[in-house]
Structures are given as structure tokens and as C-alpha cells.
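Colleague: Just so you know, the protein sequences line up as chains A and B, in that order. Those letters in the first sequence? Residues 300 to 410, per my numbering, in order. Those letters in the second sequence? Residues 244 to 354, per my numbering, in order.
A few of these clues could be false.
Quick partial rundown of chain B residues pointing at chain A, CB under 8 Å, derived from the structure [as the list claims (entries may be wrong)]:
1. SER274
2. PRO286
3. LEU288
4. SER342
5. ASP346
6. THR349
7. THR351
Subject to a maximum C-alpha distance of 30 Å in a straight line, what follows is the list of computed DSSO-like cross-link-like pairs (lysine-lysine) [stated by the list, open to error]:
8. A/LYS370 / B/LYS341
9. A/LYS302 / B/LYS299
10. A/LYS317 / A/LYS369
11. B/LYS299 / A/LYS356
12. B/LYS313 / A/LYS356
13. B/LYS313 / B/LYS299
14. B/LYS341 / A/LYS302
To be clear, the hints were calculated from the coordinates, so they are not data collected in a lab. Here the structure is a predicted model, which means the values were calculated and not measured. Glycine included, every Cβ here is placed at the ideal spot set by N, Cα and C.
Residues per chain, in single letters:
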Amino acid sequence: DVKVTQSSRYLVKRTGEKVFLECVQDMDHENMFWYRQDPGLGLRLIYFSYDVKMKEKGDIPEGYSVSREKKERFSLILESASTNQTSMYLCASSSGPGGEFFGPGTRLTVL
Amino acid sequence: TQLLEQSPQFLSIQEGENLTVYCNSSSVFSSLQWYRQEPGEGPVLLVTVVTGGEVKKLKRLTFQFGDARKDSSLHITAAQPGDTGLYLCAGANTNAGKSTFGDGTTLTVKP
Numbered sequence: 300d301v302k303v304t305q306s307s308r309y310l311v312k313r314t315g316e317k318v319f320l321e322c323v324q325d326m327d328h329e330n331m332f333w334y335r336q337d338p339g340l341g342l343r344l345i346y347f348s349y350d351v352k353m354k355e356k357g358d359i360p361e362g363y364s365v366s367r368e369k370k371e372r373f374s375l376i377l378e379s380a381s382t383n384q385t386s387m388y389l390c391a392s393s394s395g396p397g398g399e400f401f402g403p404g405t406r407l408t409v410l
Numbered sequence: 244t245q246l247l248e249q250s251p252q253f254l255s256i257q258e259g260e261n262l263t264v265y266c267n268s269s270s271v272f273s274s275l276q277w278y279r280q281e282p283g284e285g286p287v288l289l290v291t292v293v294t295g296g297e298v299k300k301l302k303r304l305t306f307q308f309g310d311a312r313k314d315s316s317l318h319i320t321a322a323q324p325g326d327t328g329l330y331l332c333a334g335a336n337t338n339a340g341k342s343t344f345g346d347g348t349t350l351t352v353k354p
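Extracted from the complex, chain A is given alone in its bound form (with noise of 0.2 Å):
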């Protein structure tokens, strides 16, 4: 069974911490995306990585920052947290354009 796996369901975070957020993929997929989903804002993309060491901004990627040093792992990384980067974060990966699979979210809170 194919599998986006995040590293955690639920986060709780202090304003200035540092915050990293994991996502293995276990389908050898080339693309992987990061993206943060708010009421009445939809998903928003915020980086995404066409292959290892390689990744591309989204639509929101201030105040974040992405590492991709193997295939199957993305990494978000919140450099320093903000209240308003309280959010449901989603990881997903494809194949090619279309079609992706999304990891089950993280919920973060920043207080």
C-alpha cells in the first residue's frame, strides 16, 4: 500500500522556536510538495522538489525553508516560528504532473 507518512499528527510550538517537519514517501516518486491549508484559503503551495537537493517556491514559501538530501524525504523547516504559521500542513508526492498523494497533515500550533 503506497504511503506519504508525516512525522507528526499534532505540534504545539512557542513563538521563536525552530520548527521541523518531516515527510518520508515510500513510492520512489521524483516530486514532492509541501503545502498549508487554512479556512477559506484553500491549500497553498509553499515549496516543492523536482529531485534530491533541488526545490522550487510556491506561492508562500516566506518563512519557510525546504531540504530534500535524500528521494524519499522532504523536510519543512520553520526557521522561527510565527503565530500566523499556525496551520494544517500537507506533505504529498507524484510521479509526474497531477495525481498526487498527500500525507495525513500536521497540525501546528504556534503560541
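Got chain A; can you put chain B on it based on the hints?
Modeller: Just chain B now, with coordinates in the frame of chain A:
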């Protein structure tokens, strides 16, 4: 910028009723996907349509891709409470690794 508009935004119906949700754009897409998302979970890919005019059926769900590949519809026959969720459409193009997501239709099916 490619945009996808979904309608209606919210839909509440009784069990057994039929419904159609729409996904429209002024842009052409190589393929279009439909996802269902339950509260607190990641979206799950239901179907991909790639040919203009294509119709795909998944049990009580019928998906259609418009002839011009700019729009799509999802029809559910005899809705059940288990169909409740957020339905998202997404468009993709061959030369772009990322998808464009609509804002979704929130469907509630009452027993």
C-alpha cells in the same frame, strides 16, 4: 496564473439525493484530478481525467472532463453520509510539476 473555481462552495443534502459539483477555469489543463478530504486528514485522490470529453465512473461517482479541457464536473448518485467531506479539484500541465487546486466544495449528507 491559472485559477480553478469550484461551485457550490457548500452543499447540504439528504441521504439518497443526487448532486453535481463543478470545477471551472479559463485555462486549459493537460489533466484534472478530483480529491476527497475528510476532517483532520489529507486529501485522497479519487480520479484523474486526461482526455477532453472523458467520463469516468467510480461506483456512484461520475467524473467528466470538459471537451475543451477547461472544466470538470463530479456527479454523485444517491448520496450517502459516508460521502460527506471536502471535494477538491486540481489541474495539472505536462510542463509544470505543480498542480493548481480549487478552493473545494464542502458536502454534507444528512441521514
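Colleague: All hints are to be evaluated individually against the structure, with a verdict given for each.
Modeller: For each hint, the structure was consulted:
A least Cβ separation of about 4 Å between B/SER274 and chain A falls short of the 8 Å threshold, and the interface hint therefore holds. The closest approach between the C-beta of B/PRO286 and any C-beta of chain A is roughly 5 Å, which is under the 8 Å cut-off, so the hint is satisfied. The interface hint given for B/LEU288 is met, as the beta carbon of that residue sits about 6 Å from the closest beta carbon of chain A, less than 8 Å. Interface hint status for B/SER342: upheld, as the beta-carbon distance to the closest one in chain A is roughly 6 Å, under 8 Å.
Interface hint status for B/ASP346: upheld, as the beta-carbon distance to the closest one in chain A is roughly 4 Å, under 8 Å. Proximity of B/THR349 to chain A is violated relative to the hint, the smallest CB-CB distance being about 10 Å (cut-off 8 Å). Among the interface hints, the one on B/THR351 is violated; its C-beta lies about 16 Å from the nearest C-beta in chain A, farther than the 8 Å criterion. Proposed proximity of A/LYS370 and B/LYS341 is supported: the alpha carbons are some 17 Å apart, at most 30 Å.
Proposed proximity of A/LYS302 and B/LYS299 is supported: the alpha carbons are some 25 Å apart, at most 30 Å. Distance check on the hinted pair: A/LYS317 and A/LYS369 sit about 21 Å apart at the alpha-carbon level, within 30 Å; holds. For the hint linking B/LYS299 to A/LYS356, the alpha-carbon distance of about 34 Å lies beyond 30 Å, and the restraint is violated. A C-alpha spacing of about 26 Å is found between B/LYS313 and A/LYS356, which places the hinted pair at or below 30 Å, so the restraint holds.
Under the criterion of a C-alpha separation no larger than 30 Å, the hint pairing B/LYS313 with B/LYS299 is consistent with the structure, at around 17 Å. At roughly 19 Å between alpha-carbon atoms, B/LYS341 and A/LYS302 fall within 30 Å of each other, so this suggested pair holds.
Violated hints, in rising order: 6, 7 and 11; the structure is consistent with all others.
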